[in-house]
Amino acid sequence: MGGEGWLFLFAVLMAAILLFTMVFFIIMFSDLECDYINPIDLCNKLNQFVLPEMIAHAFLTLCFLLSGQWLAFLLNAPLVGYNVNKIMGKNHMYDATEIFRTLSGHKKESFIKLGFYLVSFFYYLYRMILALISGEWLGW
Amino acid sequence: MSQPLMLPQGWEARWDPQSSAYVYVDQNTGRSQWELPTQPTYPSAHPSSSPPPADASAAAPAHTRSGRRHYPTAQIQQMYAGGGYEQSSQATQQPLAPTYPDQNAAPQFFTPGMAGQEQQQPPQPQYPSQAPGYQQPAYGQQPPVDQMSQQFQQMNMAQKGGAGYADQKQYRNVQTINLIGMQPDVRGLEAPPPPALLPPNASVTQSPYSQPDPSYQRCTLNAMPTTQSLLNKSKLPLALVMAPYRSFRESDGDIPVPVVEDSVIARCRRCRAYINPYVKFIEGGNRWKCCMCGLSNEVPQLFDWDQREGKPADRWARKELNHSVVEFIAPTEYMVRPPQPPVYAFVIDVSQAAVQSGMVATAARTILESLDSIPNADKRTKIAIIAVSTSLHFFSLPAGATEATMLVVPDLTDVFLPKPVDLLVNIDESRAAIESLLSRLSDMFQDSYTVGNALGSGLQAAFQLVGKIGGKIIALSASLPSLGEGALKARDDPKLLGTSKESSLLNSASSFYKTFAIECSSKQVSVDMFLFSASYTDVATLSALPRYTAGQTYLYPGFNASRAEDAIKFSTEFGKVLAMPIGLEGVIRVRATRGIRLSAFYGNFFTRSTDLVALPVVPLDQNYVIELQLEDDLKAPFVVLQAGILFTTCYGERRIRVITQAMPTTDNIGELYASADPTAIASYLTMKAVEKSMTSSLDDARSLVTNNLGTMLSIYKNQVTSAAGASAQLAVPDNLKLLPLLCCALVKHVGLREGAQIPPDLRSYAQALLTTLPTQALVPYIHPRFYSLHNMPADAGTIGENGQVILPPALNLTSERLERHGLFLIEDGQNMFLWVGHEAVPRLVQDVFDIPAYSDLAGGKATLPVLDNPFSQRVNAIIAKTRELRRGVYRPHLYIVKSDAEPALRSWALSLLVEDRMDHMSSYAQYLTTVKNKVNGSS
Ligand SMILES: [Zn+2]
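Residue numbers (my numbering), protein chains in the order written: chain Y, 7 to 146; chain E, 198 to 1136.
No lab work stands behind these hints, which were simulated from the structure alone. Computed from a predicted structure; not experimentally measured. Note that CB positions come from ideal geometry on N, CA and C, so glycine has one too. Where hints are given, some of them may not hold.
[Said to hold, decoys possible] Cross-link-like lysine to aspartate or glutamate pairs, in silico, DMTMM-like; alpha carbons within 25 Å at most: (1) E:720 / Y:47; (2) E:477 / E:503; (3) E:711 / Y:104; (4) E:576 / E:608; (5) E:711 / Y:37; (6) E:686 / Y:47; (7) Y:96 / E:888; (8) E:1095 / E:1036; (9) E:576 / E:458; (10) E:665 / Y:47; (11) E:1131 / E:951; (12) E:1078 / E:689; (13) Y:113 / E:451; (14) Y:114 / E:828.
[Unchecked claim] With the C-beta cut set under 10 Å, the calculated list includes, among others, these residues of chain E facing chain Y: (15) 382; (16) 444; (17) 445; (18) 632; (19) 715; (20) 741; (21) 745; (22) 797; (23) 806; (24) 888; (25) 924.
[Claimed, not checked] Stretch by stretch, here's where chain E covers chain Y in the computed footprint (C-beta under 8 Å, at least three residues): (26) 43-49; (27) 81-93.
Given these sequences and hints, build the entire structure.
Set out below in structure tokens:
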């Protein structure tokens, strides 16, 4: 059975992508603080990535659910809930008129997400290696 | 030291050594009690037997002996008004309190030395009983000797603190006042902020103009804490309140902004600060040391050269070294493009509701009449007119043509211009066509019974027209935008009012207006909204557009031009907006001594970076608040805050107005409190509260105000007066004694008030005003003025020595002052209420309204007739004066309120009397108790 190995390989890649997205967000926020970018461009740029990031994360969580990886699923479910709540409240997008007032909150959120993706990255890596050394993951 | 305590009038504290406690003695009756007295015996309660207010000469020394200081309010005010420190002799020559004619034999304040005179004065004669006019015996202007001497004593005390400032170890005396049981002295609301006590040689020139007038810029604190932890500990807010593009009003004693004529602009190479009175010249005057970052800069070559005369000039006469507010003429490097002309695009709703209400006709007539007053000094001004209903109507106004041609575009989703030229035209070249269009505009749509308003699409069309140049879009709408882009729905569900969900009605319903605002801002376009509604028009959503483009929202609820008052109000205000000498393509940047950081911006603009806000069009007299933080400890003896506004004048000149303010630093928490400016703090709290009401709830917004006040005063009590434990009193520093009143008035203001009766449109509009009015207009908008007219002093309503109409003394905002036979005026700068008591004698009614009896008088919006009798003329003079008293374009409506009819109007007028209990909102006295409990609870 190689399913688990493949799943966690995929998860590792996804976590890496999400990790880089968050790094990108944080860099952009610091750029705004240093006046390297204006709030309108910043929001236009970041808003392109907001939904893809959320969808990617939700898809990964769905994969865990369907493959019965309960622990991984439970780890991710709260963040999915948080994201869905934001979308329902229509405040998931960055608002250029309010960005300076909300900047510290956005930064904090991005850092927390960064930490979360980092932890999940290592967890998925560990699970992948576990599957690898159990010799099952490529099916022979 | 025991807590200095202010007892209510008529009480004296005596130390009882046996019980080691104070016993409180009522000096009138000799009655004594252990409980702290809270109720002063107001003479008004029993005028004939009113107690002699504690005799100043006897009482004060007694208190000194007993280890308590007893500072009568009026006296402290005198010290304060006199500047306290350097102008003490002047202060003693002009005692403030006695020059105020007394109000109706009800002196709420213990005025030392006046006791005897008050006793001699008969109760205020009522209107009819005093035939020869409405005057009142004048007071002797001479303060008694013992009062003078006592004042001198206090001056000396103050001087010891003030004069020794040079060694920087002396602080101002914090005078503690106890508020419970005292009626606030509302005349103090106009007092200037506490002065910033700078070291003697802070300014290079000893110019009297080295600090800006508070109308330009004021700070919540006039002494800067040296560390953020001290600021945090004090719980005082640190924010700049400013209106850099302030109007010039001779009647307010404004001096014109000095303009630096030569284009020598000395700026720091590192922090880009402009040279100002607080820099230091070094190396024999060849270099100057920046007061913000300390960098040594070269003095420009032509700095000491008079270019016009071609000879050396006196450096110390340079305007930028003598004035804290100066304008520089900016050379080309300050321009992104050549100065643009002023551009006005009018988007006028011509749906049935708009035409029927007479809005279209009044607006067109006002524009027509204003064609000569619209800024057009260099004949470049352009205008465009777009009429909007279910489709867009453009008008081609070719130069030289005598008639306008209408072009109709029915497509509302993908807005395009029907013609590339002649839609936005030069006001002079196309004058004939513009005039012909404006005079016919209303008639053109008179018979079109179209219902529907595609305002959003109209705004987009106007944006396409003016976007290339930038300028002002003025939208006039008399119905809810219902079609095309940015269509809105009536969402004013009455069930939401008064609940926590009400704040959703204060937020934008559609993202269109915010997104569009960002687009406008980046293309230097500003939008003004004039809203006329018979029903809900979603001011909350529409006002987002002016908010982020530095425009303004104006609301005319239930507008009907067939009522002369409505038409006059709108056309006066609209005319003033059109004639306003706007600035174009403006940015404001604030710089401060290193260590100070700007942390938040409040006001109508778009924040473009951490220290820069963009104002596509800079309107006159708009207020902005900028919150400050300290990121480093401040080492210097004083700091400098400099606001620079770069803009293009409407006659095509790029200018920089620089406003420099300096203040000393302090590590003493008492000094912070003594230097706090109540008006600026109230302004700051207003901005914070309005923001809170949108992001959270109105309930939280009100708590924010009260909690902020409570924590401030509890820190004051614990850290400055060092009183421990619960107290029956509420101690405040003298300079903040009116802050609780302003906070009480703010939480009861229609913009924040509790209640399920306030239409969301009125609330949103009130919030738009609260966040934009300059402090001069904001204070009366929060805390209205209240005058008694039937018994006003003889000189009230006449022209005074300075050529201005004298206003009657302002009264406390409580209905106790309303008399059944009286005539009163309550005004907040937006509305005026002329209150007529139901027992008003026929003569009064006849003299003022030209109506035989009270019963024939009709309440409601009115214009007062000018009659051939002195009283009518004086009342009219006071009303006219009130209308032009403050900066801004507003012309308040006058409502006649009968004290026993029209309950809605009556309760509206009464709702301005904020010291009273209202529905389930607390009275001022109850509010103080709430604050006191918060203070006691946290100690
Ligand atoms: Zn500098």
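Agreement of hint residue 745 of chain E with chain Y interface, Cβ distance less than 10 Å: Nearest chain Y Cβ about 5 Å off; hint holds.
Min Cβ distance, residue 888 of chain E to chain Y: is it shorter than 10 Å? The hint holds - residue 888 of chain E has a Cβ within 10 Å of chain Y, the shortest such distance being about 8 Å.
Take a quick look at whether residue 113 of chain Y and residue 451 of chain E sit within 25 Å of each other, Cα to Cα. Measuring from Cα to Cα gives roughly 45 Å; hence the hint is violated.
Report holds or violated for the interface hint on residue 382 of chain E, using the least CB-CB distance to chain Y and a cut-off of 10 Å. violated, 37 Å
Are residue 1131 of chain E and residue 951 of chain E close enough, with their CA atoms no more than 25 Å apart? holds, 20 Å
Between the alpha carbons of residue 686 of chain E and residue 47 of chain Y, is the straight-line distance 25 Å or under? violated, 31 Å
For the pair we were handed, residue 1078 of chain E and residue 689 of chain E, check the Cα-Cα distance against 25 Å. violated, 38 Å
Stated coverage of the stretch 43-49 of chain Y by chain E [criterion: 3+ residues, CB within 8 Å]: holds (count 3)
Grab the minimum C-beta distance from residue 924 of chain E to chain Y and call the hint holds if it beats 10 Å, violated otherwise. violated, 38 Å
For the hint on residue 445 of chain E, does the least C-beta distance to chain Y fall short of 10 Å? It is violated, given that the least Cβ distance between residue 445 of chain E and chain Y is near 31 Å, above 10 Å.
Does residue 104 of chain Y sit within 25 Å of residue 711 of chain E, going by the straight-line distance between their CA atoms? holds, 10 Å
Has the stretch 81-93 of chain Y got at least three residues whose CB is nearer than 8 Å to a CB belonging to chain E? violated (count 0)
In the structure shown, a violation is registered for the earlier hints numbered 4, 6, 12, 13, 15, 16, 17, 18, 25 and 27, in ascending order.
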